[in-house]
Amino acid sequence: MKTYILTRILLAIPMILIILTIIFFVLRILPGNPVMALLGPKAPPEVVKAMEHQMGLDKPIIVQYGDYLGSILKGDFGVSAYTGVTVIQELMQKFPATLELTIFAMTIAVFIGIFFGTYGAYHFGRTLDIAARVYSIFVYSFPVFWFGIMLQLIFGVWLHWLPVSGRSSPFMIPNHIYTGLYVIDSILNLEWPVLVDTLYHLILPSVTLGVVISSIFVRMVRSNVILSLSSQYVVAARARGAKEKKVIFKHALKNAMAPILTIMGLEFALLLGGAVLTEVTFSWPGIGSYLVTRITYRDFPAIQGAIVFFAMFVAIVSILVDIANAWLDPRVRY
Amino acid sequence: MANTTNTNYGNQMLSSRIGRGFRQLMGDSSGVMTFIGLILLSLFVLMAIFAPYISPYSPVEPSGAPLLSPQWGHIMGTTNLGYDVFSRFIWGSRMALLIAVIATSIAAFIGIPTGLLVGYAGGVTDRIVTMIMDSVYTFPGLILAIAIAAMLGPGVLNISLSIAVVYIPTYYRVIRSQVSTIKSELYVEGARSIGAKNMTIIGKYILPNVLPSTIVVLSMNIADAVMTEAGLSFLGLGIPPPVPDWGYDLAKGQQFLLQNDWWMVVFPGIAIILLVLGFSMFAEGMDEYLNPNIGEKR
Amino acid sequence: MKKYSILMTILLLVVFSVSIFAISAKNYVIVGTTDKITSLDPAKAYEYFSDNILQNVMTGLVEYIPGTTKIVPSLAKSWKISSDGLTYTFTLKKGLKFSNGDPINAQAFKFSIDRAISLKQNPSFLLADVVKDVKVIDDLTFDIQLKYPFAPFINILAFTISYPVDPKVYSANEVYNGLPVASGPYMVKKLVRGQEIEFVRNPNYYGKPAKTPIILVKIFRAANNLYMALMSGEIDVAYRTLLPQQFAQIKNNKNFVSYVGKSPFIREVVFDVNVKPFNNPKVREALSYAVNRAKISNEVFMSQVSPLYTLIPDGMWGHKDVMPHYNPSKTVSILKSLGYSKDNPLKISLWYTPSHYGSTESDLALTIKNVFEATGLIKCDVKYAEWATYIDYWTKGVMGMFLLGWYPDYFDPDDYMWPFLESKASPSMGSYYSNKTIDELLLDARLVSDIPGRTALYDKVQDLMVKEAPYIPLFQGQQQVVTKPNIGGIVMDPVQIFRYYLLYKK
Amino acid sequence: MMALLEIKNLSIDYLTRNGTVKAVDDISFSVEARDSIGLVGESGCGKSTTGTAILGLLPPNARVSGSILFKGRDLLKISNEELRKVRGKDISMIFQDPMTSLDPIMRIRDHFFELLRAHYPKMDENEMKKISSEALKSVGIEPSRLNNYPFEFSGGMRQRTMIALAIALQPSMLIADEPTTSLDVVIQEQILEVLRDLKKTKNMSMVLITHDLGVVAELVNKVVVMYAGHLAESGDVYSIYEKPLHPYTKALLESIPNVKLEDRELRYIPGSLPDLKNPPKGCRYWPRCPYVKDICKRETPPTVEVDGRKVKCWLYGGEINAGIDKTSSAVS
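Chains as they are written, first to last, in this note's numbering: chain A, 1 to 334; chain B, 1 to 298; chain C, 1 to 506; chain D, 1 to 332.
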């Protein structure tokens with residue numbers, strides 16, 4: 001098992017490296033001088049030169065690339081040209097916001113997916129199944145930002161039920177930050193109003209993202225559960241007199257879980273893409289809105305850092321999925 | 001015998017399915033979906049083609065007072081600068097289809113041959129290219145597109161290109177995996193043993209077997225591309241105005257939403273949803289039609 | 001299962017409602033904004049919001065009296081300017097301390113000015129261009145020596161770049177990233193980027209303590225979010241930047257008070273005088289007649305900006321309405337004389353940048369395009385580039401005509417004339433405009449220190465500028481603040497410093 | 001004495017998008033206590049459907065009519081929950097493919113526990129272990145293997161495990177659906193051995209569904225031959241083997257290589273099963289029947305009793321052949 005996890009981690013490294021390489025060169029091929037963007041047009045040439053030197057932009061691109069890879073390996077993502085703060089510091093502050101959002105969104109998506117998908121499969125061809133399919137195909141075509149705006153309008157502006165932006169109300173940031181996940185930090189600090197406020201702010205963004213992603217989960221769960229429901233072991237379990245709930249959840253769903261998890265791992269990338277748009281729509285201070293802001297200013301270290309974080313996030317999730325698969329399926333485990 | 005799910009009805013003609021009763025249509029989901037999808041698609045294609053004749057006003061010139069609510073003469077209202085929303089709704093289909101089709105074509109034109117050649121060649125090349133493609137494939141597509149689009153700058157071709165990059169691996173993977181199975185099949189081995197050239201084998205024996213499955217991928221990808229384009233222009237990375245573009249209009253409309261000028265958001269949103277719905281229904285229906293036993297792959 | 005979920009829902013609802021009532025009535029004011037912080041090191045900060053924060057937590061030798069452009073001593077007790085205008089001698093107040101207790105003395109000033117110059121950050125040039133040396137005389141006295149006499153220098157000393165920093169905390173050769181060590185009315189207690197900044201009173205501030213013990217600045221990503229927060233009562237004050245239509249709506253809302261003031265911020269169309277067809281002054285003149293500023297102001301900004309007919313904003317001395325007013329028939333006749341016609345229109349492109357100046361920018365560009373095209377003799381494309389690319393394009397001469405904005409570094413007509421029109425400065429504006437006479441007049445205006453004399457010189461420059469039209473000034477911005485009725489202490493400042501320390505709850 | 005299981009006029013249709021498939025059409029037979037019967041026919045004849053119908057395990061698109069009386073209760077009329085309680089406890093079933101009949105991600109133990117908990121929710125774990133160990137032992141598997149996963153078992157072991165599961169609660173009836181078909185010959189013999197053993201030791205009826213008349217011969221005392229959803233012939237095993245009445249039974253018997261050892265040549269039945277969506281008019285066997293007459297093509301033959309056996313063929317009933325056999329009586 002240990003070697004298995006280790007190999008999976010080793011396999012993830014080239015992926016991160018390749019993405020990083022692509023972004024590194026794409027960033028540099030095209031016009032747009034980050035130094036000028038930072039200093040503004042008024043900067044005298046010697047200041048520009050000094051800044052370029054400071055950022056290593058005067059070296060040949062290959063050398064820059066080598067330098068950058070070297071420092072990334074040391075965990076050094078450089079200093080943001082826009083704020084002067086180290087990128088790792090900024091990312092560590094932004095990442096928990098994205099993590100919190102994606103965890104909640106994923107939970108919602110998985111819940112909807114399993115519930116709707118399983119019952120749709122169980123009632124194959126009947127009303128509930130058709131409802132599940134119509135839901136999945138309709139929601140799939142919702143642009144996530146459009147859906148978010150609609151929810152903001154309904155629940156924030158018209159009904160005044162839910163906050164429509166940000167992670168917290170004024171003064172409602174946990175006092176001590178341990179993990180950066182406000183839900184956990186507020187519990188550790190025993191700040192209950194903060195916890196409530198945090199959950200309150202999480203509702204709309206995570207529902208937006210969760211629902212849009214759930215469309216794929218519904219169809220995945222549905223088609224896989226249909227397959228496993230028609231397997232012999234399901235019939236055999238029924239023939240033993242097993243209760244229907246057990247048949248559906250213990251046999252059909254659990255067996256369908258392995259392929260579902262694998263695809264969920266792949267769709268996680270889609271979730272992250274959606275997260276960027278969701279963050280922008282809801283003023284969510286995560287890496288997504290960070291990336292979008294910094295792209296405008298050609299903040300190379302920040303953009304690269306954000307991309308590496310996204311890539312690592314994807315890689316870690318896919319490793320976790322594999323581990324979960326191994327845990328679920330004894331054939332992989334042994 | 002007692003197989004509930006995988007009833008094979010692939011041998012039925014598409015046309016025979018049209019015109020059945022509604023209940024049966026809903027039951028026969030692949031038929032109904034392809035059908036509705038096709039109707040939606042042809043609606044948008046017609047709209048795009050005949051835009052100059054249908055649209056009541058020019059989409060790039062103000063045609064009325066700003067911020068008129070939907071009314072006679074401006075059935076979808078006007079924008080804050082007095083552009084007719086309905087005209088932009090119609091012309092917007094051109095931009096959406098154009099970019100989506102260009103992007104998908106670029107992706108297909110790069111992805112398919114690469115998949116064919118690399119899959120056929122196998123070996124180290126295969127491993128390296130596959131690793132690169134897999135990396136891009138697993139990375140969040142929209143984020144990659146955002147980064148590339150921001151760097152390339154605005155313009156139809158640039159936007160299409162940044163979307164295309166995201167979908168190249170999809171084609172590559174589909175094609176490569178099929179090629180590597182087909183190439184060891186008997187009839188290919190046979191062709192090789194009678195001395196057919198590699199190019200002939202690929203073109204004559206492998207390509208025709210592989211292409212049908214790309215139809216599904218193609219229409220699914222166009223749906224995704226429409227969505228990605230909308231996302232990019234929502235973030236301000238799309239085509240410069242006043243070129244009619246739903247994503248831009250939506251982003252602009254969002255700024256007026258709180259003043260209850262809902263029409264600027266709702267109509268472009270509906271346009272995107274319907275077009276994407278058209279493509280994905282068509283794709284889903286086709287998928288079931290072509291591979292009744294495989295089920296949904298995406 | 002069902003029972004539990006119902007129970008949970010009820011529980012959550014109870015907790016929610018309790019928590020909503022629990023947060024209220026404390027001694028604080030919450031300010032909402034869509035601005036972003038870059039750096040809070042005065043040697044690096046060079047954009048409105050970061051500067052404005054520094055103006056609340058730090059102070060310099062001199063400062064503006066709120067609501068005026070009059071400069072008065074702050075940390076300085078007094079100063080003398082040598083007769084040649086080259087040496088400024090400052091005497092500090094006694095017993096000045098930073099928020100951490102370290103002394104603010106002459107050495108700290110020398111350290112800070114040297115550091116600001118040697119760090120070579122964005123705003124460094126403001127000091128580097130004029131300051132030759134700083135000499136410490138004793139703990140409370142020091143000299144600043146200039147490279148040449150420079151009348152607006154005292155204004156630079158009121159700007160953030162000249163604020164003193166604590167030599168024990170700030171490194172001489174690195175940008176500082178910690179919470180600022182305060183010398184002003186407030187200090188930063190908590191800073192969560194992209195979310196909120198909490199200010200508390202600085203106990204060591206020499207002057208009148210801030211009116212409200214705590215100020216919380218809440219940062220929103222978009223105007224919509226700011227607007228919704230205002231509507232829901234989450235924030236007490238909204239400052240920068242609501243969309244024009246949102247402000248227009250709030251002005252009629254009795255639950256809020258809105259304040260409006262002139263802003264020193266100006267917008268203009270820039271011509272690259274090296275790019276065809278804009279190298280022809282006649283073309284530039286023709287276009288300047290075609291711009292309908294009233295339409296721009298009404299339709300894009302809901303009349304929340306004022307049309308501007310010169311580069312020096314209204315309200316500043318030296319301002320003189322010189323540019324031609326809207327007269328499309330003039331455009332037509334000039335263009336016809338240049339050989340353009342309906343079948344052979346003048347083909348041009350107008351560039352804008354979509355996020356740097358806010359989301360109204362595309363509408364501004366489109367409106368200008370539409371008024372140009374309304375003449376019937378012009379075909380205008382609209383193009384855009386993100387800010388970084390935009391700057392690159394204008395320094396490389398890619399764009400012939402583009403939209404730009406200007407916010408002054410120091411409050412003096414010089415800062416609205418020199419960077420635009422002086423031959424060596426105009427390339428940085430993307431204009432490449434050059435005129436010997438104007439260069440001489442501008443230099444004279446820097447060396448003269450009496451206002452009537454300088455006004456006369458700037459009058460001449462503005463008259464010369466009209467004929468050449470290297471810029472079409474469009475409008476002057478408006479400062480807008482919206483508050484709940486129970487908030488007081490809003491001062492509309494001509495220099496546009498927003499003072500948190502004057503805000504209070506009635 | 002009341003039969004343990006009595007099937008009366010059972011018809012089963014499958015609704016598909018392309019029409020209705022008449023999988024089982026009006027069949028009746030009964031199983032006495034301790035009786036073993038074989039349900040025989042080619043694949044697709046409806047024998048598995050019949051077997052599956054007894055436990056109510058047909059897919060949702062199946063439509064069943066008639067009655068299935070088990071100990072006097074109509075299994076088609078009782079509620080799902082009551083039916084569930086019958087499954088595994090009163091009637092259990094084993095299936096053709098042991099490779100897929102066990103849940104791949106569940107331990108063998110958990111299969112037993114699931115069975116036991118389904119019927120005795122309050123049974124404690126030791127009791128459950130005891131019962132499962134004994135059941136496993138009775139089919140010749142070490143109880144220590146309870147902790148294994150199915151993939152650690154061979155095909156034969158899996159089928160024996162299935163049998164162990166089926167008999168663990170001492171049901172009064174076992175339905176075995178092609179229990180040996182997908183196994184190789186040696187393993188087949190093992191499984192048959194286990195079944196033979198069961199027949200001897202347990203007080204249990206058995207319905208053996210198979211296409212292999214050879215298997216039937218040694219295990220059962222009654223045979224029901226089905227063809228294309230129709231009951232072709234039923235009766236006790238010896239008389240059917242000695243003197244098959246229905247032409248189809250004859251053909252079936254002749255196709256078994258080891259029944260008549262002198263006949264070395266492998267025979268097969270010419271033609272193929274009819275399309276059940278659109279079955280031929282009249283007798284369903286006529287297209288392949290060497291004795292086909294005009295009436296066979298027009299009308300469905302009645303079921304008649306000959307020598308205590310039931311047979312559905314115009315050779316033995318109806319007006320045309322009235323002279324040949326006087327004992328015929330139509331049942332409808």
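Read the hints as simulated data drawn from the structure, not as lab findings. Misleading hints may appear alongside valid ones.
Reference excerpt, derived from the structure (chain C facing chain A, CB under 8 Å, subset only) [to be verified]:
{"id": "1", "residue": "Ser124"}
{"id": "2", "residue": "Ser232"}
{"id": "3", "residue": "Val275"}
{"id": "4", "residue": "Tyr407"}
Just so you know, even glycine gets a beta-carbon here, dropped at the ideal spot from N, CA and C.
Going through the hints against the structure:
no. : hint   : result
1   : Ser124 : holds, 6 Å
2   : Ser232 : holds, 6 Å
3   : Val275 : violated, 17 Å
4   : Tyr407 : violated, 10 Å
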